[in-house]
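Start from the sequences, fold in the hints, and give me the full structure.
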Amino acid sequence: MRNFSTAPAPHILGADPVSRVMRDVLLGLVPVVIVYVIFFGVGVIVNILIAAIVCVGCEAAIMKMRNRDVQLYVGDLSALVCASLLALALPPVTPWYVTVTGSLFAIVVAKHLYGGLGFNTFNPAMVGYVVLLIAFPVPMADLWLSPVGDGPGIGATLAAIFTGSPPVAGWDAVTMATPLDRVQGDLARGMMMTEVMADPVMDSAVVSAWTWINIAALAGGIYLMFRGVVRWHIPVSVLLGLAVMATLFNISNPDQYPSAWFHLTNGSAVLGAFFIATDPVSAATSRRGRLIYGAGIGVLIYVIRTWGAYPDGVAFAVLLLNMAVPAIDYFTIPRAYGEQRERK
Amino acid sequence: MSELVVILLGTVLVNNFVLTKFLGLCPFMGVSGKLETAIGMSLATTFVLTLSAAMSYLLERYLLEPFDLAYLRIIAFILVIAAVVQFTEIMVEKISPLLHRVLGIYLPLITTNCAVLGVALLNVQASHSFIESLFYGFGAAVGFSLVLVMFAAIRERLEVADVPAAFQGAAIGLITAGLMSLAFMGFTGMANR
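These protein sequence lines are chains A and B, in that order.
With numbering that gives the first Met the number 0 applied, the first sequence has no gaps in its numbers, which climb one by one up to 343 at the end.
With numbering that gives the first Met the number 0 applied, the second sequence has no gaps in its numbers, which climb one by one up to 192 at the end.
If you're looking for bench data, these hints aren't it; they were derived computationally from the structure.
Each residue gets a CB set at the ideal place from its N, CA and C atoms; glycine is no exception.
Possibly wrong hints are sitting among the right ones.
Some chain A residues near chain B, calculated using beta-carbon distances under 8 Å [what the hints assert, rightly or not]:
#: 1; residue: T120
#: 2; residue: V129
#: 3; residue: F315
#: 4; residue: M322
#: 5; residue: A323
Okay, here's the thing in structure tokens:
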């Protein structure tokens with residue numbers, strides 16, 4: 000007869016360390032970075048490096064000031080994830096001081112003033128991005144490179160980031176409004192959707208570049224779900240919330256409201272759904288709470304894109320729902336097994 | 000009808016009284032320590048704010064305007080607000096002692112909530128009609144309540160967070176309020192008025 004070991008619970012040992020989760024998130028971002036580099040050049044890698052140096056440096060400095068174990072806290076890679084997400088949200092030739100400001104705000108104010116990883120109410124990367132949107136509206140909107148044609152080379156990209164000097168042909172030759180930005184502006188000028196689609200920005204090559212970026216984000220997101228880092232509730236409810244809103248308005252008036260497909264394949268909806276909204280610290284925790292939280296983000300992305308002053312609403316939507324998370328968690332405490340509902 | 004919806008959404012989200020007009024900050028910081036008290040305060044404020052918006056409209060329209068007494072506006076409004084608050088307290092105590100116990104001390108506190116006076120004065124400034132004033136007051140109160148309840152839930156969580164010593168308590172509360180205000184910037188451009 001075989002002897003089975005009869006150890007008491009817990010039988011499953013070794014919880015995932017934070018660094019494993021964060022490493023998976025970084026790996027999941029790789030496809031997005033590759034597609035970004037293909038369409039927008041190496042600027043995004045420079046931005047990630049700048050943000051990573053600032054974020055990790057600040058985190059180490061703060062941990063040292065607070066007499067904590069620097070290696071333990073920096074080693075969990077969460078600062079690198081925050082830096083990458085912030086850098087991916089920025090235009091590819093953002094001046095270096097903009098990236099540094101955003102990173103400082105993200106890591107110092109949004110993360111470490113709240114006590115560091117595990118306590119931050121707001122998603123640090125999105126706080127940094129929103130601060131930049133408000134403080135530097137011009138570079139944030141005007142420095143998106145055109146994904147078609149020859150972009151500035153490596154030298155010109157570095158020169159643009161570090162000295163602010165425009166490429167030889169001038170900014171107008173290489174930059175172009177993002178499709179989301181253009182659609183919002185044109186619709187506000189009273190154009191019909193068919194007229195907007197005739198615009199050169201809506202050229203199929205440009206639109207497919209943004210579609211590829213979102214497909215890469217989807218691939219990374221599926222990897223995260225496969226690895227068990229992300230549960231399905233938040234990404235699915237974010238995308239459904241956005242798609243349902245877009246479809247309803249698109250059916251009611253196709254001339255005024257672009258389709259759900261347009262909303263899902265443009266901007267950072269997919270990246271936001273899988274990588275940003277799912278931040279385990281600032282997202283809701285109960286299953287019901289996660290569905291409410293995700294759907295709220297999806298609906299708000301649509302509302303801000305359609306009626307707001309900013310072309311993309313992912314960052315604002317995530318922050319607004321982060322703000323509501325403690326209340327959502329409070330009102331959606333799951334019922335323990337066997338517990339009777341209170342009779343009124 | 001759509002006009003009223005715009006007023007309502009505008010005051011709740013776009014021009015939120017606490018986060019974009021910075022009115023009513025004292026109860027926002029003061030009563031947000033616990034979620035239950037915040038909910039009580041929200042209910043009381045909603046009732047008083049709506050009623051006082053209507054009352055101050057009537058006062059402005061039928062007393063201050065015809066007799067050319069606009070220079071007495073602030074004093075007159077404060078008086079009306081104090082009276083409405085007192086009236087509310089007496090009524091609630093008679094009609095529902097339970098509710099009175101829940102709202103308790105928050106009722107008199109509302110007199111000093113500058114959002115209440117702010118709504119009354121802004122209604123005059125925007126020359127709203129009676130129904131518009133009512134909706135403006137109600138929207139302001141709902142916006143105040145929404146933000147207060149969310150903020151209280153956040154602060155309950157911050158109580159147990161590992162916040163650096165220098166930022167504990169009111170400091171991190173104010174930083175949070177600032178970040179909330181930042182997030183509400185996302186609504187700019189909607190319901191312009």
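Each hint, compared with the structure:
1. The criterion of a C-beta within 8 Å of any C-beta in chain B is met by T120(A), whose closest approach is roughly 5 Å, and the hint holds.
2. A hinted interface residue such as V129(A) counts as satisfied when its beta carbon comes closer than 8 Å to some beta carbon of chain B; here the least separation is about 6 Å, so the hint holds.
3. The beta carbon of F315(A) comes within 3 Å of a beta carbon in chain B, closer than 8 Å, and the hint placing it at the interface holds.
4. The criterion of a C-beta within 8 Å of any C-beta in chain B is met by M322(A), whose closest approach is roughly 5 Å, and the hint holds.
5. The interface hint given for A323(A) holds, since its Cβ lies 5 Å from the closest Cβ of chain B, which is under the 8 Å cut-off.
Hint compliance for this structure: every hint is met.
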